[in-house]
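J.: Put together the whole structure using the sequences plus the hints.
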Amino acid sequence: MALSNAHSLVMILPMFSCSANYQSSSVGEFSGREAIGEMMAGFFSRFPDVHWQVTDYRHTRNNLVEFEFIMTATEAATGNKIERRGLEHIEFSDDGFISRISVNAD
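Numbering of the sequence shown is given in this note's numbering, commencing with residue 1 and proceeding in unit increments.
These are calculated hints, taken from the structure and not from any lab test. Treat each hint with caution, since some may be false.
[To be verified] The following label-pair restraints were derived from C-beta to C-beta distances:
1. 6 / 81: 30 to 38 angstroms
2. 94 / 51: 15 to 23 angstroms
3. 79 / 17: 33 to 41 angstroms
4. 59 / 80: 29 to 37 angstroms
5. 19 / 79: 17 to 25 angstroms
6. 57 / 78: 16 to 24 angstroms
7. 80 / 19: 34 to 42 angstroms
8. 78 / 14: 30 to 38 angstroms
9. 78 / 18: 32 to 40 angstroms
10. 17 / 78: 29 to 37 angstroms
11. 84 / 58: 18 to 26 angstroms
12. 49 / 19: 30 to 38 angstroms
13. 51 / 104: 28 to 36 angstroms
Nothing here was measured: the structure is a model prediction, and the numbers come from that model. Even for Gly, the Cβ is constructed at its ideal location relative to N, Cα and C.
T.: Take a look at the structure:
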């Protein structure tokens, strides 16, 4: 989350497996590291001040972590401020890369 709050795609993307999947109730579904990177770049452009506050991390089973979050941001095009709460699941491959992310936000 620290890297996401820093908007550091250069550091974030190598953490994903090449065939990773990303699903979010807010932005849709993306397959593959390249598509996930393009989505993230667009999201950071749309919300240049986006910030996530994690309220709780839980290790739920082998290779899976979940956490609750509060996301705050201002939409660049409109100036509208948003706040979303949600739950994110991050699944890791056996070799330690992110293989799947699932986000459910209010």
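J.: Each hint needs a verdict: does it hold in this structure or not?
T.: Here's how the hints hold up against the structure:
{"no.": "1", "hint": "6 / 81: 30 to 38 angstroms", "in the structure": "violated, 20 angstroms"}
{"no.": "2", "hint": "94 / 51: 15 to 23 angstroms", "in the structure": "violated, 32 angstroms"}
{"no.": "3", "hint": "79 / 17: 33 to 41 angstroms", "in the structure": "holds, 37 angstroms"}
{"no.": "4", "hint": "59 / 80: 29 to 37 angstroms", "in the structure": "holds, 36 angstroms"}
{"no.": "5", "hint": "19 / 79: 17 to 25 angstroms", "in the structure": "violated, 38 angstroms"}
{"no.": "6", "hint": "57 / 78: 16 to 24 angstroms", "in the structure": "violated, 32 angstroms"}
{"no.": "7", "hint": "80 / 19: 34 to 42 angstroms", "in the structure": "holds, 35 angstroms"}
{"no.": "8", "hint": "78 / 14: 30 to 38 angstroms", "in the structure": "holds, 33 angstroms"}
{"no.": "9", "hint": "78 / 18: 32 to 40 angstroms", "in the structure": "holds, 35 angstroms"}
{"no.": "10", "hint": "17 / 78: 29 to 37 angstroms", "in the structure": "holds, 35 angstroms"}
{"no.": "11", "hint": "84 / 58: 18 to 26 angstroms", "in the structure": "holds, 19 angstroms"}
{"no.": "12", "hint": "49 / 19: 30 to 38 angstroms", "in the structure": "holds, 32 angstroms"}
{"no.": "13", "hint": "51 / 104: 28 to 36 angstroms", "in the structure": "violated, 19 angstroms"}
The structure fails hints 1, 2, 5, 6, 13 (numbered hints given earlier, in ascending order).
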